[in-house]
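Asker: These protein sequences, in sequence, are chains C and X. Going by the numbering used here, the first residue of the first sequence is number 1, and it counts up by one from there. Going by the numbering used here, the first residue of the second sequence is number 1, and it counts up by one from there.
Note that these hints are calculated values from the structure, not bench results. All residues carry an ideal CB built from backbone N, CA and C; glycine is no exception. Among the hints, a few may not be true.
[Claimed, not checked] Each computed DSSO-like pair below joins lysine-lysine, with the alpha-carbon atoms no more than 30 Å apart:
(1) X:Lys160 with C:Lys233
(2) C:Lys154 with X:Lys196
(3) C:Lys276 with X:Lys160
(4) X:Lys61 with C:Lys171
(5) C:Lys143 with X:Lys3
(6) X:Lys160 with C:Lys186
[Claimed, not checked] So these bits of chain C aren't anywhere near chain X, every CB distance computed over 10 Å:
(7) Asn23
(8) Arg218
(9) Ser234
(10) Gly236
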Amino acid sequence: MNKNYFEVLRPGINSTFQDNGRNNFYHIGIPFSGAMDNRNFLLANTISNNGINNPVLEFAYQGPKLKYIGENISINVTGDVNFKIIRKNKNLEFSCYENIVLENNDCLDILSTNRSVYGYLSIGGTFEVDYYLNSCSTNTKAKIGANSGEKLEKGQIIQLKNIKKILPKNKIEYLNSKIENIRIIKGPHFDYFSKDAIDLFFSNEFNVTKLSDRMGIRLKGPKISNIKNTNIKSEGLVKGVIQITADGDPIIMLSDHGTIGGYPKIAVVISADYDKLVQIPPGSKIKFKEINLKDAETIFKLYEMETQNLISNIK
Amino acid sequence: MIKNISNLGDAALYCDFGTEVNKEINRNVINYFNNLRDSNFLGITNITPSYNKLVISFDLKITSFAKLKKQVENLELKKKINSKNNLIKIPVCCTEEFALDIKRLQKLLKINEAKIYETFFSKNYYCYMTGFIAGMPFLGDMDKSLFAKRLETPRVKVPKNSIGITEQFCNIYTFESPGGWNIIGKTSVDIFDNKKNTEPNLINPGDTISFYPISKQEYEKKI
Chain C
1 MNKNYFEVLR PGINSTFQDN GRNNFYHIGI PFSGAMDNRN FLLANTISNN
51 GINNPVLEFA YQGPKLKYIG ENISINVTGD VNFKIIRKNK NLEFSCYENI
101 VLENNDCLDI LSTNRSVYGY LSIGGTFEVD YYLNSCSTNT KAKIGANSGE
151 KLEKGQIIQL KNIKKILPKN KIEYLNSKIE NIRIIKGPHF DYFSKDAIDL
201 FFSNEFNVTK LSDRMGIRLK GPKISNIKNT NIKSEGLVKG VIQITADGDP
251 IIMLSDHGTI GGYPKIAVVI SADYDKLVQI PPGSKIKFKE INLKDAETIF
301 KLYEMETQNL ISNIK
Chain X
1 MIKNISNLGD AALYCDFGTE VNKEINRNVI NYFNNLRDSN FLGITNITPS
51 YNKLVISFDL KITSFAKLKK QVENLELKKK INSKNNLIKI PVCCTEEFAL
101 DIKRLQKLLK INEAKIYETF FSKNYYCYMT GFIAGMPFLG DMDKSLFAKR
151 LETPRVKVPK NSIGITEQFC NIYTFESPGG WNIIGKTSVD IFDNKKNTEP
201 NLINPGDTIS FYPISKQEYE KKI
């Protein structure tokens with residue numbers, strides 16, 4: 001056994017190892033997976049001076065409680081996350097987006113994400129995880145990736161390797177802004193819906209329901225009625241596609257989505273809004289706003305520049 | 001040929017080959033898929049063939065809709081023969097405990113059990129696409145006498161390796177999953193092997209499949 005490891009005292013609600021995701025397997029039914037909030041994933045690895053595809057531990061709502069055994073190690077947490085370190089019976093508070101040092105016998109308690117969903121734990125080193133089809137990303141539906149395709153479980157040991165010397169703080173000033181307006185581009189089945197239904201779709205708020213996870217977000221609001229056919233011949237899906245079910249409710253496809261689907265696609269969320277979309281917790285309201293492809297491409301470039309600025313302003 | 005290419009959001013191409021479901025259109029889709037897999041177009045992250053559409057997703061940091069659309073339109077098509085295009089034979093055990101919907105089907109189709117199986121086993125099936133859940137093949141076409149609607153209320157859990165039929169199609173549940181297809185048996189073969197790091201799928205788009213019956217004893221010997 002390695003001398004550096006975490007023992008899982010509490011697994012949290014949905015804690016999985018993730019990296020950049022799995023390319024080029026949609027055609028055999030394996031979705032992209034990977035970290036849900038790509039920017040926070042990237043920032044976590046950047047603060048740890050890791051490669052951009054290094055595995056991180058992703059958690060949702062309540063995170064894990066981990067006991068650390070080993071030599072001093074730098075760690076950081078990204079997202080809007082409430083966490084503490086318990087050291088010799090003392091509670092120590094720290095901030096996200098900076099390296100902190102974990103000592104032997106420390107207990108890292110990731111209590112909750114604040115009015116958001118996902119957070120990330122990265123270490124100055126590497127989680128020892130299994131790879132499948134070029135990625136460690138855990139997909140609990142196909143049971144593939146790190147941790148035999150399962151969520152973290154109570155009592156398990158997470159081995160660590162390539163522990164780095166203690167890292168500088170590498171602090172990033174970042175505020176996870178929340179959004180309510182999700183920008184979309186019209187989907188291929190936009191004309192399956194009446195003008196009234198389209199008006200309802202854009203003028204009303206939708207509630208994010210509890211039936212939301214890494215596969216998708218189910219929304220409730222006014223029924224979006226179909227004038228052509230509530231089913232189509234099944235065809236390929238991508239992240240961010242909004243399908244309208246036979247019941248008239250929108251569902252948004254997220255990173256672990258089924259690769260093909262048979263409901264009409266009314267719209268697709270723009271790439272630049274995806275990281276913020278996945279962070280909207282159940283109970284929130286969202287509203288859709290239509291933009292064109294050219295604007296979506298420009299907004300994505302700006303979003304990427306903003307990410308690069310954050311990284312270059314590391315302190 | 002592709003009838004139209006439009007954008008699916010800002011990071012995918014939606015290639016439309018028509019509205020009907022038939023082998024000719026689907027072979028066209030799969031031919032494009034195979035040629036695109038061998039192309040060196042930068043930025044492609046996934047290519048998803050289905051009955052009559054092809055969705056190509058890409059990394060918006062690397063390429064764009066306009067650029068990739070032009071490349072796909074100018075793609076030089078070479079006839080690609082799927083190297084694994086042999087006939088794949090799948091054993092099916094039809095004992096009562098596995099054939100969850102055979103009684104319902106007898107009533108619905110007004111054909112007796114023996115005739116249902118005789119008809120089902122006498123045909124070869126073509127794999128239009130795989131997906132929804134990892135490795136699940138969508139096969140067709142069924143004999144018209146076996147066209148049956150899906151269950152009104154889908155099962156919460158269809159057992160892994162169940163063989164399902166609905167309308168002109170049949171499939172194999174590669175994992176335990178919710179589903180509404182009529183279950184007529186269970187195979188002893190794992191169609192998706194999550195231990196295999198290369199080609200985990202036994203059945204791929206464009207393949208031809210035939211099913212053959214096995215007894216409960218043979219089933220138990222094989223698993």
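Asker: It remains to establish, for every hint, whether it holds in the given structure.
Answerer: To see whether the hints hold, each was checked on the structure:
no.	hint	in the structure
1	X:Lys160 with C:Lys233	holds, 24 Å
2	C:Lys154 with X:Lys196	holds, 28 Å
3	C:Lys276 with X:Lys160	violated, 36 Å
4	X:Lys61 with C:Lys171	holds, 26 Å
5	C:Lys143 with X:Lys3	violated, 38 Å
6	X:Lys160 with C:Lys186	violated, 37 Å
7	Asn23	violated, 5 Å
8	Arg218	holds, 14 Å
9	Ser234	violated, 6 Å
10	Gly236	violated, 3 Å
Checked against the numbered hints above, the structure violates hints 3, 5, 6, 7, 9 and 10; every other hint is satisfied.
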